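J.: Produce the complete structure using the sequences and hints provided.
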Amino acid sequence: MENVLNISALVKQYGRITAVNNLSMKVPEASVFGILGPNGSGKTTTLSIILGIVNADSGYFDWFDGLNASESRMNIGSLLEKPNFYPYLTAVENLKITADIKEIPYTNIAEVLDTVSLLDRKDSKFSTFSTGMKQRLGIANALLANPDVLVLDEPTNGLDPQGISDIRQIIIALGDSGKTIILASHLLDEVEKVCSHVAVIKKGKLLASGPVADALNAEGKIVLAADNLSQLSSFLSKHYNISKIEKEDDKLVIPMGTLYPAEINQKLSKAGIYLKHLSIRQKSLESQFLELTADDDD
Amino acid sequence: MIKLLKIEWKKIKPYSTFRWLIGLYVVCLLLFFISAQNFRIGSFRPFSDDLLRFPDVWHNITYLAAVLFNLILGVIIIVLITNEYQYKTIRQNIIDGLNRKYVVLAKTYLLISIAIACTLIVALFALIIGLWNTPGDRMDLIFDKILFIPAYAAQTIALLAFASLFAHLFRKAGITILMFLLYIGVIEPIFRGQIPFKFVNYMPAKSIYSIIQFPYIDLISSNSGLSAQPAWNYCLISLGYTFLFIGLSYLLLKRRDL
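Residue numbers (the numbering used here), protein chains in the order written: chain W, 1 to 298; chain E, 299 to 556.
It is worth saying that the hints were derived from the structure and are not from the lab.
Given the structure is predicted, the values throughout are model-derived calculations rather than measurements.
Do not take every clue at face value.
DSBU-like cross-link-like pairs, simulated, lysine-lysine; straight-line CA separation at most 30 Å [as the list claims (entries may be wrong)]:
#1 Lys399(E) <-> Lys96(W)
#2 Lys26(W) <-> Lys470(E)
#3 Lys386(E) <-> Lys205(W)
#4 Lys203(W) <-> Lys26(W)
#5 Lys203(W) <-> Lys304(E)
#6 Lys267(W) <-> Lys247(W)
#7 Lys134(W) <-> Lys203(W)
A few chain W residues that face chain E, going by a derived Cβ cut-off under 8 Å, partial list only [to be verified]:
#8 Val92
#9 Glu93
#10 Ile97
#11 Asp100
Residues of chain E placed beyond 10 Å of chain W at every Cβ, according to the derived structure [what the hints assert, rightly or not]:
#12 Trp318
#13 Leu350
#14 Ile392
#15 Asn397
#16 Ile419
#17 Tyr481
#18 Gly491
#19 Val498
#20 Tyr500
#21 Phe541
#22 Leu556
Here a beta-carbon is modelled for each residue, glycine too, at the ideal position from N, C-alpha and C.
T.: In C-alpha cells:
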C-alpha cells in the first residue's frame, strides 16, 4: 500500500460558495501530511468529506486502497474542528462510548488520558473543562483505538504554549512510529515543524503539494543599492542571467539562485559601481506561504 | 443490537433530564390512578369502581396512559435525539466509526426499549389496581382484556417513532417539541377536516391514537364491556407508519451534511 488516502477531483458547493474546488491529492503511507491553508480555505470541509459526514457534490476518494469512509473509520482516529462530547458525562464516560463504538476494551482509556495530561480530571464532567482541556480530550479520543491513521483538524487550537508543544511532540512521535497523520492547520509554523508532506489549499483549490521542503521551497534573495540605481540595474541584467529585478524603495532585489554576493561586489567595483548596501534576504516560509495564498482575482 | 443499546444506555444513564422525565411519567401514572377513584366532577364520578376492575382496568389504564402521558415519552425521545445534534455528538459518533444506519437503529432500539419498559410499568399498575378493586367472584375475567397491554406497546412505539422523525427533521429541542404537539393537536385535525372521509383514518396521528379507543363508549352503549378489544386495523396502519418514520429518519440523516 503506497497511499493511505486518494482524493480525486473532489467538489463541494454550499450555495454559491465553492468550499472544495476540484481537489485531488494523495496521502502517502507513514507520512505526516499537512493540509495548510488560511481560514475558510476548505480544510475542514475536505476532512469532513473524507470522513463521510459531508457528502461531496462530485469527485472520488478512497482509503486504504479501495475502502469507503464508513469501512475505514474504525481504523481512523479523528478530531474534527471542535471536540464534541456529551457535556454531562465525565471524560472517562465519554471515552467509554467511543471505545464501545470502536469495539475495543476500556484498557487504553487511562493511558491516552495520561498522554494528554488529563488523568487527574478523568472523573470530571466534560462541561467543566476549559477549551484547552476539551481539545486534549478530543486528541485522547482520536488516539484511543491506537489507529493506523489519525486525522487531526487544528489539533493545537486553544492550547497554551506548553500544550501546543506537548501535542506536537505526540504527533512527531506518532509519525516516527510509522502512523499516517493527516493534519489540517492554518499555522505554517506547525506544518513546518511537524509535517513531512504538505498540501497548500486556498478557496478549496490545491496550490502546491509534495514533501514540505519542495512545496514550500525557501528561496533567498540579494538586496543591493548604489547611488545610481539604473546603472546598477543595467549592469546586473547585462552580466548575469537574472530573470527578474525588483525595485524596492531605493534598493534592488534579485533572486539569489547560484549567485555569490562577494563575486558580484567585486565585479561591480571593477566596473566603477560602488555598492552602498548589500545584503542577503532569506525568504521566510511565512512570506512564501503568504505569497502562495495571496489574493489573485483571476 | 446489544452493542448499540449498550452505547445508548451509557449516554442516558447519568443524564439527569432523562431521569426527571421518566420519573415524571411514573409519578403522573401513580398519582392519577391513586386519585382516580376519588375523582369527581360535581357529584359525578367518571372513574367508578367498575372501571378499575378486571377486565376493564386493562383498557382504561392503557387508554389514559396513551392519551395523557405518552407525550412525556415523546418529549424524552425528542430531547435525546436533538441533544445529539446540539452537542454534535452525532457527528462525533459517526467519525468514530458508527454508520448513519446504526445511528438511526440505535435510537430505534432505544425507543422500543423505553416503550417496552413503560408498558411493563403500566401493566404492573393495572394488575395492582385490578387486584385491589376486583371482587373475588369476578377474578375469572382477569386476563380478558389483557391484549390492551401489547396494544399500548404498539401505540407507544409508533408515537415515539413519529417523535424521532420530528427530531431528525428539526434538530432543535424547542422547535421539535412545539411542532410535534402542534401537528398532533392542531395541524392534523385541521387537515383531517379538509380531506375525503375515507382517508381520515389513515392519517398518522389519527391511527396511532385510535389503537386504544375511548373506553367509556361500550359502557354507555351496552352494559357488557367484554367485547371491547384493541383496534387491530389501526394497529396495523401504525405499524406501517412506524417503519415509514424510521425509514424517513434514516433517509434524512443519510442525505444531510453534519
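J.: Hints first: check each against the structure and report whether it holds.
T.: Each hint tested on the structure:
Note on lysine 399(E) and lysine 96(W): the hinted pairing holds, with a Cα-Cα distance of about 21 Å set against a maximum of 30 Å. For the hint pairing lysine 26(W) with lysine 470(E), the CA-to-CA distance comes to about 38 Å; that exceeds 30 Å, so the pair is violated. Distance hint between lysine 386(E) and lysine 205(W) is fulfilled; the C-alpha atoms sit about 28 Å from each other, no more than 30 Å. Restraint check for lysine 203(W) and lysine 26(W): satisfied, since their Cα atoms lie roughly 19 Å apart, inside the 30 Å limit.
The hinted pair formed by lysine 203(W) and lysine 304(E) fails the criterion: a straight-line CA distance of about 42 Å is larger than 30 Å. A C-alpha spacing of about 21 Å is found between lysine 267(W) and lysine 247(W), which places the hinted pair at or below 30 Å, so the restraint holds. Using a Cα cut-off of 30 Å, the hinted pair lysine 134(W) and lysine 203(W) holds, with the two alpha carbons roughly 29 Å apart. Taking 8 Å as the C-beta contact cut-off toward chain E, the hint placing valine 92(W) at the interface is violated, the least distance being around 11 Å.
Interface hint at glutamate 93(W): satisfied, since its Cβ lies 7 Å from the closest Cβ of chain E, which is below the 8 Å cut-off. Nearest Cβ of chain E to the Cβ of isoleucine 97(W): about 5 Å, under the 8 Å cut. The hint holds. Using the Cβ-Cβ criterion of 8 Å, the hint placing aspartate 100(W) at the interface with chain E is satisfied: the shortest such distance is roughly 5 Å. The Cβ of tryptophan 318(E) sits about 12 Å from the closest Cβ of chain W, beyond the 10 Å cut-off, so the non-interface label holds.
For leucine 350(E), the shortest C-beta to C-beta distance to chain W comes to about 40 Å, beyond the 10 Å cut-off, and the non-interface label holds. With a minimum CB-CB distance of about 5 Å to chain W, isoleucine 392(E) fails to clear the 10 Å threshold, and the non-interface call is violated. With a least beta-carbon separation of about 5 Å from chain W, asparagine 397(E) fails to lie farther than 10 Å from that chain, contradicting its non-interface assignment. Isoleucine 419(E), annotated as away from the interface, keeps every beta carbon of chain W farther than 10 Å; the closest lies near 25 Å.
A cut-off of 10 Å between C-beta atoms confirms that tyrosine 481(E) is not in contact with chain W; the least separation is 28 Å. The claim that glycine 491(E) lies off the interface holds: its Cβ sits roughly 39 Å from the closest Cβ of chain W, which is beyond the 10 Å cut-off. Separation of valine 498(E) from chain W is adequate, the least Cβ-Cβ distance of about 38 Å exceeding the 10 Å criterion. Tyrosine 500(E), annotated as away from the interface, keeps every beta carbon of chain W farther than 10 Å; the closest lies near 33 Å.
At the 10 Å boundary, the C-beta of phenylalanine 541(E) stays outside the reach of chain W, the nearest C-beta of that chain being 23 Å off. At roughly 4 Å from the closest C-beta of chain W, the C-beta of leucine 556(E) falls inside 10 Å, breaking its exclusion from the interface.
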